[in-house]
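Participant: What follows is the residue order along each chain.
There are 2 protein chains.
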Amino acid sequence: MTSPFADRLADAVERRSSQIVVGLDPHPQSVDGGLQGAEALCERVIAEAAPAAVAVKIQIACFERYGADGWAAWQRLAAVAADQGLLVIADAKRGDIGLTSEAYAAALLDGPVDALTVNPMMGDDAVAPFIERAADTGRGIFVLVRTSNPGASALQDVLLADGRLWHQMLAERVADWGTRIVGESGLSSVGAVVGATVPEHLVDLRARMPAQPFLLPGVGAQGGKPEDLAPAFAGHPAGGLVTASRSIMFADEPGAAAEDLRARVRAVL
Amino acid sequence: MTSPFADRLADAVERRSSQIVVGLDPHPQSVDGGLQGAEALCERVIAEAAPAAVAVKIQIACFERYGADGWAAWQRLAAVAADQGLLVIADAKRGDIGLTSEAYAAALLDGPVDALTVNPMMGDDAVAPFIERAADTGRGIFVLVRTSNPGASALQDVLLADGRLWHQMLAERVADWGTRIVGESGLSSVGAVVGATVPEHLVDLRARMPAQPFLLPGVGAQGGKPEDLAPAFAGHPAGGLVTASRSIMFADEPGAAAEDLRARVRAVL
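As given, the protein sequences belong to chains W and Y, one line each in that order. Okay, so the first sequence: first residue is 5 according to my numbering, each after it adds one. Okay, so the second sequence: first residue is 5 according to my numbering, each after it adds one.
Among the clues, some could well be false.
Claimed, not checked - Okay, the calculated bits of chain Y under chain W, using three or more residues with CB under 8 angstroms as the criterion:
#, region
1, 139-150
2, 168-179
Claimed, not checked - Taking beta-carbon pairs under 7 angstroms as the criterion, some of the chain Y residues facing chain W (in silico):
#, residue
3, A16
4, G71
5, G115
6, D129
7, V162
Keep in mind that the hints were calculated from the coordinates and are not lab data. We put the CB at the ideal spot given by N, CA and C, even for glycine.
With the rest of the complex left out, here is chain W (with noise of 0.2 angstroms):
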């Protein structure tokens, strides 16, 4: 039986030292060689960059646009990374009504998959058969909160007429959904995804939703700085979760930039 992932986020995070998510994200405009020369940057910079990190964030998105040979291929990446003992976060950021849910759920929380990235806006039918699932086999989910890109605000940020804005009332809502699977550790299997390009709104978010870990894109090339997101560890030391894909894939040297990246997060813990 598989111990609740927020448990397993925890002990990894102590273990390794690092809060570390190497995103994989080989957009063809930045790789040569198609889904073949995706496959095996990817595998270099798992290899490169483990020693540094906690996680890898596998971009489906990168692989689905090669049908059922990509669908292969990531699939095979999970397996990779997770033979080096990262975690493995699946970045589909589905979901639909009911039974649709419960089928994106089996088939992306499955095999090597450890946590998947999930859209609730069409609500809590849309979001409760992933909590199930993550539930029942000591998996998580990270619920987009506020993203990371520029446009998030118009539609995330709008005020509502008690007071608070959207994805306020978002966070409490995915602090509700979560009560149920929080692990031993004091966090829950029910993350967040909150940009780090907005550390603004960290403290907020961190009071809102006090048992959930922040999976944080945005650092590096989207601007977001390490030094801003001391909000996120508040309470827990793997209550932040530092992404950050573009800045360490094509560095020169992936496992010199997750490892600088590892110390400057841990220098604000």
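Here the structure of chain W is known, so what remains is to put chain Y in place on it, guided by the hints.
Facilitator: For chain Y alone, coordinates are given in the frame of chain W:
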């Protein structure tokens, strides 16, 4: 050069005298025989229901769960439907930041697929690559605006400080996004997903999105009634696409069930 999706849609609705979209959602809870059983059932449903329909909507989650083989299977079904003269909508509800949305658009708006469902929660820059691709290739997108599931209201109907509901604000953005690909039919290739389960929103949403074709899921098993959908067709007979999945797929005679729904919709035009 393919003509714009909106015009191909308008033409197909007129030619086939149908607004019916057959939803292919072969969930394993309801279909025996694994992926092979799902594919065989969908092929039979396409063959029998095609004369009464204008399009099929393929639920990608039901195939993705079978990994690489599932991906190949839904692409075969898309080709089968296209051979019958049906438009093909990939129901995948994708949405992500720039390059990743580009990757999803490349993966899904390809081959015999005419349109794709898109989740807009991440904002303008998440949706833009889908619109780009649609404009360049004569394809369309349907943006989630107000979904058909019971839990939708908690996040989509929340009241904003300016007096609008969140989904009304979103509807106005979708109308804006759609202005650059309005076809000769007067319809835009940027459509909207509006649940047939919430007909009380249709008059308002038609006013906010005058050029958008509405994809209307939720008829049949979810409780939506064709008789309540008249406001969708104000302005254009292709303004509403009535989607039924379980009530056609699992009917004793899928062809008769589709024809019955077709006639009920024609009666409210």
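Participant: Decide, hint by hint, whether the structure agrees.
Facilitator: Hints versus structure:
no. : hint    : verdict
1   : 139-150 : violated (count 1)
2   : 168-179 : holds (count 4)
3   : A16     : 26 angstroms, violated
4   : G71     : 5 angstroms, holds
5   : G115    : 9 angstroms, violated
6   : D129    : 4 angstroms, holds
7   : V162    : 6 angstroms, holds
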